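Novice: Chains as they are written, first to last, in the working numbering: chain A, 1 to 223; chain B, 224 to 447.
No lab work stands behind these hints: they were computed from the structure.
The structure displayed is predicted, hence computed values, not measured ones.
Among the hints, a few may not be true.
Some, not all, of what chain A presents toward chain B, calculated at C-beta under 10 Å [said to hold, decoys possible]:
| # | residue |
| --- | --- |
| 1 | Ala123 |
| 2 | Leu150 |
| 3 | Asp151 |
| 4 | Ser158 |
| 5 | Ile159 |
Ideal Cβ positions, reconstructed from N, Cα and C, are used throughout, including at glycine.
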Amino acid sequence: MAKTGIYTFIVCLLIGVTAYASFYVAPTESTMGLVQRIFYLHAPSGMTSLAAFLVSFIGSVGYILTRKPRWDWLAVSAAEVGVAFCTVVLLTGPIWAHPAWGVWWAWDARLTSTLVLWLLYVAFLILRTMIEDADRRALVSAFFGVFTFLDVPLVYGSIWWWRTQHPQPVVFTSAGLDPTMRKVFYLSWLSLTCLMALLIRQRYELEQSREELRTLEQELEAH
Amino acid sequence: MPLLSNTAVLLRKELQSEYRSHELLTTASVFILIVIVLFSFTFDPTSAESRQFGPGLLWLAFLFSASLMLQPCFLKERTNDTLSALRLAVSDPFAIFLAKLCANTIFLLVTELLLLFVFAVFYNVAVLSVFPKLALVFFLGSLGIATTGTALSAISSQARMREVLLPLLLMPLLVPVLIPSTEATKALLEAEPTLRWDWLGILIAFDVVFLTALWLFGEYLLEE
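My request is simple: use the sequences and hints to build the entire structure.
Specialist: Given below as structure tokens:
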């Protein structure tokens, strides 16, 4: 318990420092101005969500191979946290896009594939609510988790190939990032990854408690 | 090869049961026909516009009809309680999937090719000269839809709200089939038809990846 408290404190501190750094330390971007600062939340959230989906995939494969419930808990916890971060990306994206490009949404490769990714993992979470039996749910959703993760590179590939044939707005030019901006970006990435680990851990413990409760209820019924 | 002989027997069973009932092919064909007719009300179906939007709407219609067609694939085994019998009958459970996905690919392909001609007539598009190439695109696309769809039908048959669940799981997963199939079909329907191997490459990659995944993990879905 104390360990979780300390870890939560460190994550909060990191988030605070990152917020300060992205507003006051990082220089204001010359063409986009203040709104560019959303970049320090937007881009690292995207990378964190991908990391969470990778953890979820590991959980799914782990469950299929070992049939230990803890792998399933890891898969669902990471998928939920990944969807949360992906939602942040999809919400902060339009806020940034509107002043920068003049439109809320553009069907560019990166945006479209992030949206499809979000849909895939939302479907994964909905599937889990539709099956009552815990073992069956774990097995079936692990299988779908593997399918989903395998689909990700194909989604990126096909959408990228499709979009590069059509006019598209320039998202990242190769001009490179200012060194201070780069440092703030890495700091933000670090703190969001720590936040991801904390959230997955908390969600995992919740799943563990649910399982314990279920076992106790079954024992009670047996008596 | 027990896998191949088992698959052949099961495939024959699937085809025979469809031959006797005609349920899937009739409903799917009529469904696609309805979608094609309804789409004609949303834009002017003259030739130039048909070439631009036609392939997209055709593939969307195929996708929707597939999500209906694949629904009973495993459900009928569960309601008739024949899945355990099937499992006992074959040495490799992958044979069950292989037979079902072959049958589904055939059903999809037959309805698609049938409706292609109806589409060509209604939307004034010339398809005869490029028919073999179109058939190749349709085959690769249908194989992708059937592979993922058969696996997901095994999943959704075990869940509540299965009628809604299957399209919900299947549609986003099939984005890498929809885009290349549409683009490849579009390139073949243009004034100077070209067979786009770049798009076919993505379709082949999709088919190979998911067939392998089904081969490796599929049997877990059939556990009782």
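Novice: Output the indices of the hints that this structure fails to meet, ascending.
Specialist: Of the numbered hints given earlier, the structure breaks none, since each of them holds.
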